[in-house]
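If you want the building blocks of each chain, they are given just below.
Number of protein chains: 2
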Amino acid sequence: MSEDLSLWHDRPAKNAILDFVKRVCSRQSTQFVPPSQRIAVFDNDGTLWSEQPFYFQGLFLFDRVRALAPDHPEWKKTQPFQAVLEKDWPTLAGFGNKGLLELAVATHDGMTSSEFEQLAGDWLATARHPTLDRLFTDLIFDPMLQLMRYLRKNEFKTFIVSGGGIEFVRIFSEQIYGILPEQVIGSSIVTRFEVNDGKPVLVRSPQLNFLDDNEGKPVGIQQHIGRRPIVAFGNSDGDLQMMEWTKAGDDARLGMIIHHDDAEREFAYDRMSAAGRADRVLDEASDRGLKLISMKNDWRRVYPFEGSCVN
Amino acid sequence: MSEDLSLWHDRPAKNAILDFVKRVCSRQSTQFVPPSQRIAVFDNDGTLWSEQPFYFQGLFLFDRVRALAPDHPEWKKTQPFQAVLEKDWPTLAGFGNKGLLELAVATHDGMTSSEFEQLAGDWLATARHPTLDRLFTDLIFDPMLQLMRYLRKNEFKTFIVSGGGIEFVRIFSEQIYGILPEQVIGSSIVTRFEVNDGKPVLVRSPQLNFLDDNEGKPVGIQQHIGRRPIVAFGNSDGDLQMMEWTKAGDDARLGMIIHHDDAEREFAYDRMSAAGRADRVLDEASDRGLKLISMKNDWRRVYPFEGSCVN
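Each protein sequence line maps, in turn, to chains A and B.
When the letters of the first sequence are read in order and numbered with our numbering, they come out as residues 1 to 311.
When the letters of the second sequence are read in order and numbered with our numbering, they come out as residues 1 to 311.
Bear in mind the hints are in silico, worked out from the structure with no lab data behind them.
Some hints here could point you the wrong way.
The list treats identical chains as one, so a pair stands whether inside a single copy or across any two.
[As the list claims (entries may be wrong)] Straight-line Cα separation of at most 25 Å, DSS-like style, residue types lysine-lysine; simulated pairs: (1) LYS291 x LYS22; (2) LYS296 x LYS76; (3) LYS199 x LYS291; (4) LYS199 x LYS247; (5) LYS247 x LYS22; (6) LYS76 x LYS98; (7) LYS98 x LYS77; (8) LYS247 x LYS153; (9) LYS296 x LYS87; (10) LYS87 x LYS77; (11) LYS153 x LYS22.
Build out the structure end to end from the sequences listed, making use of the hints.
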């Protein structure tokens with residue numbers, strides 16, 4: 001049975017997963033859940049791939065700001081653009097989600113969905129992580145990939161529920177996670193249907209449609225799935241409400257929090273981080289029945305490129 | 001092969017479906033489409049079930065207005081409530097979608113998603129069609145159920161894309177259509193996550209979130225599926241943009257329009273109908289490469305209760 005999660009050490013986290021799957025999938029179990037109701041949701045940044053030194057989609061936006069800056073001389077003296085151009089990260093962090101949104105809007109307004117897909121796809125295919133010097137799509141967590149395959153083998157449906165942009169995550173979700181675009185939930189900006197020169201297009205507008213973070217996550221789940229998940233994985237305070245919503249269902253539920261405590265193989269951060277802050281979620285995990293995953297102690301490796309063999 | 005669509009007469013509509021499926025599913029075909037991209041979308045009202053004398057969700061709203069009227073004496077003199085209470089349908093029709101939305105908001109504000117599900121579920125389990133004296137969930141189109149089963153057997157994913165409320169359609173979509181809640185797209189009102197007495201709930205707010213009709217349908221499809229459909233079925237002008245978006249894709253696409261021309265077994269209506277008006281869509285069908293389905297001539301039966309045997 002341990003073959004199923006061979007990238008996980010035989011510790012409580014792994015055992016909790018194996019035990020849960022056994023309980024809900026066995027027809028003899030009093031906690032049996034029919035396959036159509038086996039919904040498992042995963043945060044993306046910090047849960048399925050890394051998010052340091054900052055959310056990767058943020059790094060994409062910063063590159064976009066730099067690329068477009070020559071056409072926008074006013075950005076040199078306008079926040080939050082100025083902070084990006086001057087690499088003044090503390091100032092930028094002070095603008096929070098609103099600042100990022102402003103960058104997203106300013107750099108992608110009027111673009112069609114397929115133009116955005118092309119642009120972000122090109123970036124993902126070439127841009128490299130500033131310290132690890134890898135493609136961002138290499139920086140995915142191998143034990144989580146294995147976990148999702150294990151759940152799907154047991155007739156779970158796996159969904160991403162990301163604070164990041166839905167159109168950004170969908171560019172790589174099928175190829176690197178095996179998650180189809182219709183199983184990605186994320187933040188979005190308002191999109192309009194237009195016919196340009198006889199050709200129908202979807203055009204991105206300069207306005208937030210939905211912020212899929214914190215209280216937004218259960219709302220996004222209801223909007224897209226219409227059913228309460230029975231499994232949720234996250235890593236930061238932004239995942240708390242998703243955990244709360246999942247755990248409040250009847251019968252068996254599994255909620256787990258990945259703790260970034262592995263400075264050697266990945267990054268070590270929690271309460272003070274600008275990206276993926278984990279403060280309340282650590283304080284409340286135990287009371288809420290959430291189980292912690294230590295990247296350092298529970299995972300045999302972090303990234304796929306660390307090696308093709310285990311043991 | 002005709003066994004697959006035995007409720008359809010051997011005429012061009014049926015042949016177009018069988019031919020399309022053969023072309024996209026055969027690995028030898030130049031138009032082969034991998035299963036993950038076999039997305040088929042279906043309008044609901046007038047495409048999968050009836051919509052006369054008015055959209056069934058509208059009839060539900062009218063019943064709600066009548067039930068709540070004793071607590072709202074002001075409704076006797078306030079539109080659009082007055083029109084509902086006086087059964088003044090022409091006046092109500094004049095208020096259009098906006099009027100219906102106002103009714104929806106006034107009758108369901110502050111309700112949680114599960115309270116709404118209970119209320120609408122109770123109505124669907126007991127309310128009867130005003131002239132056919134049947135449960136509304138009996139008034140589904142048997143040839144369309146058979147078609148959806150046929151497509152799913154050929155590894156298509158079937159989605160509903162309805163102008164009606166997403167939470168309303170989900171109540172019965174799995175049981176009567178075999179379509180899971182995560183494959184239902186529809187109009188929605190703003191929903192908030194709240195914790196009441198320690199219990200997390202989703203509360204309906206008095207504000208439109210998304211109108212999944214006309215230009216909204218391609219937007220809803222992009223938001224939920226993230227991929228252009230290759231098959232679309234509809235019946236009214238509200239489906240035109242969904243058809244346009246589907247047909248504008250490369251390679252093989254199938255767009256079909258159900259024409260309500262069967263006064264004897266269902267209803268006959270098109271250009272002048274308050275519900276499901278089909279005017280532009282009939283004018284433009286041929287230019288847009290959309291194929292018409294005549295309920296009268298293409299379907300061996302309309303409703304499942306008409307009989308268990310065919311031929």
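Hint by hint, here is what the structure shows:
Taking CA atoms no more than 25 Å apart as the test, LYS291 paired with LYS22 passes inside one copy only; the shortest distance there is 17 Å, against 49 Å between copies. For the identical chains of this complex, LYS296 and LYS76 are neighbours neither inside a copy (42 Å) nor across copies (67 Å), given an alpha-carbon limit of 25 Å. For the homomeric pair LYS199 and LYS291, the shortest alpha-carbon distance between copies (20 Å) is at most 25 Å, but the shortest distance inside one copy (50 Å) is not. In this assembly of identical chains, the alpha carbons of LYS199 and LYS247 lie at most 25 Å apart only when taken from different copies (11 Å versus 46 Å within one copy).
In this assembly of identical chains, the alpha carbons of LYS247 and LYS22 lie at most 25 Å apart only when taken from the same copy (18 Å versus 45 Å across copies). When the C-alpha separation of LYS76 and LYS98 is checked against a cutoff of 25 Å, the pair qualifies only within one copy, where the shortest distance is 19 Å, while the shortest distance between copies is 45 Å. For a Cα distance limit of 25 Å, the shortest separation of LYS98 from LYS77 inside one copy, 18 Å, qualifies, whereas the shortest one across copies, 44 Å, does not. Taking CA atoms no more than 25 Å apart as the test, LYS247 paired with LYS153 passes inside one copy only; the shortest distance there is 23 Å, against 35 Å between copies.
In this homomeric assembly, LYS296 and LYS87 never come within 25 Å of each other (Cα to Cα): the closest approach is 31 Å inside a single copy and 68 Å across copies. In the homo-oligomer, the alpha carbons of LYS87 and LYS77 lie at most 25 Å apart inside one protomer (13 Å), although the nearest pairing across protomers, at 62 Å, exceeds that limit. For the identical chains of this complex, LYS153 and LYS22 are intra-copy neighbours only, at 12 Å inside a copy versus 29 Å across copies, given an alpha-carbon limit of 25 Å.
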